[in-house]
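Here the protein sequences come in this chain order: A and B. For the first sequence, my numbering gives the first residue as 1, with consecutive numbering after it. For the second sequence, my numbering gives the first residue as 1001, with consecutive numbering after it.
Misleading hints may appear alongside valid ones.
[As the list claims (entries may be wrong)] Straight-line C-alpha distance at most 27 Å; calculated DSS-like pairs for lysine-lysine:
(1) A/Lys57 to B/Lys1045
(2) B/Lys1002 to A/Lys57
(3) B/Lys1042 to A/Lys57
(4) B/Lys1002 to A/Lys71
(5) A/Lys71 to A/Lys14
(6) B/Lys1002 to B/Lys1042
(7) B/Lys1079 to A/Lys11
(8) B/Lys1042 to A/Lys14
In case anyone wonders, no lab produced these hints; they're calculated from the structure. A quick note: this is a predicted structure, and the numbers were derived from the prediction, not measured.
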Amino acid sequence: DTGVSQNPRHKITKRGQNVTFRCDPISEHNRLYWYRQTLGQGPEFLTYFQNEAQLEKSRLLSDRFSAERPKGSFSTLEIQRTEQGDSAMYLCASSLAYGGRSYGYTFGSGTRLTVV
Amino acid sequence: RKEVEQDPGPFNVPEGATVAFNCTYSNSASQSFFWYRQDCRKEPKLLMSVYSSGNEDGRFTAQLNRASQYISLLIRDSKLSDSATYLCVAIIGMDTGRRALTFGSGTRLQVQP
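Produce the complete structure using the sequences and hints provided.
Given below as structure tokens:
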């Protein structure tokens, strides 16, 4: 296992198109997080899953955004009707959570989205 | 006001210099604190956790002052390879279950030969 894998690495799309990103976490990790990072800012939390359950969504996650983790393994993040303001790096992270603590918190390399 | 605030820099220092970064957090119920390092166009990577007693890892020393809600990172004997953005990170609030990270905007360090 080489860590958290994200695909694609880069995506350029026209405004109004839909895009989908994939994240494959570290295999034994039960938690999966999505973050978004814009230029000059730190990553911002979007949503997270415990196994297949989506437990929280940030108010940053508008109705155009949806995330799934259907079998508690990989996750997808879809953005519908993309806008230029969606241009950012989308980061996925995974961890093993138990006993109220988190272990092995690891980020993927991210998907850089450019909306033109 | 952002929950985690940092001076964005950049800090331009010569090799061998000692440099210190500061960070403040607004939620007194914040529990865990970290420093992450992020290289240009790469993902953030954990540099070190921050404990109230202070902790050191080689040339890096992190301190937490809960009374002042203040976190610091000291880098001694700076190397060219230390050039990066340093992100101050907290787990905000009492909800330990969530464990989502709240990042500052980062402080950019450029070490010059």
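Results for each hint:
no.: 1; hint: A/Lys57 to B/Lys1045; in the structure: holds, 23 Å
no.: 2; hint: B/Lys1002 to A/Lys57; in the structure: holds, 19 Å
no.: 3; hint: B/Lys1042 to A/Lys57; in the structure: holds, 25 Å
no.: 4; hint: B/Lys1002 to A/Lys71; in the structure: violated, 35 Å
no.: 5; hint: A/Lys71 to A/Lys14; in the structure: violated, 31 Å
no.: 6; hint: B/Lys1002 to B/Lys1042; in the structure: holds, 23 Å
no.: 7; hint: B/Lys1079 to A/Lys11; in the structure: violated, 34 Å
no.: 8; hint: B/Lys1042 to A/Lys14; in the structure: holds, 24 Å
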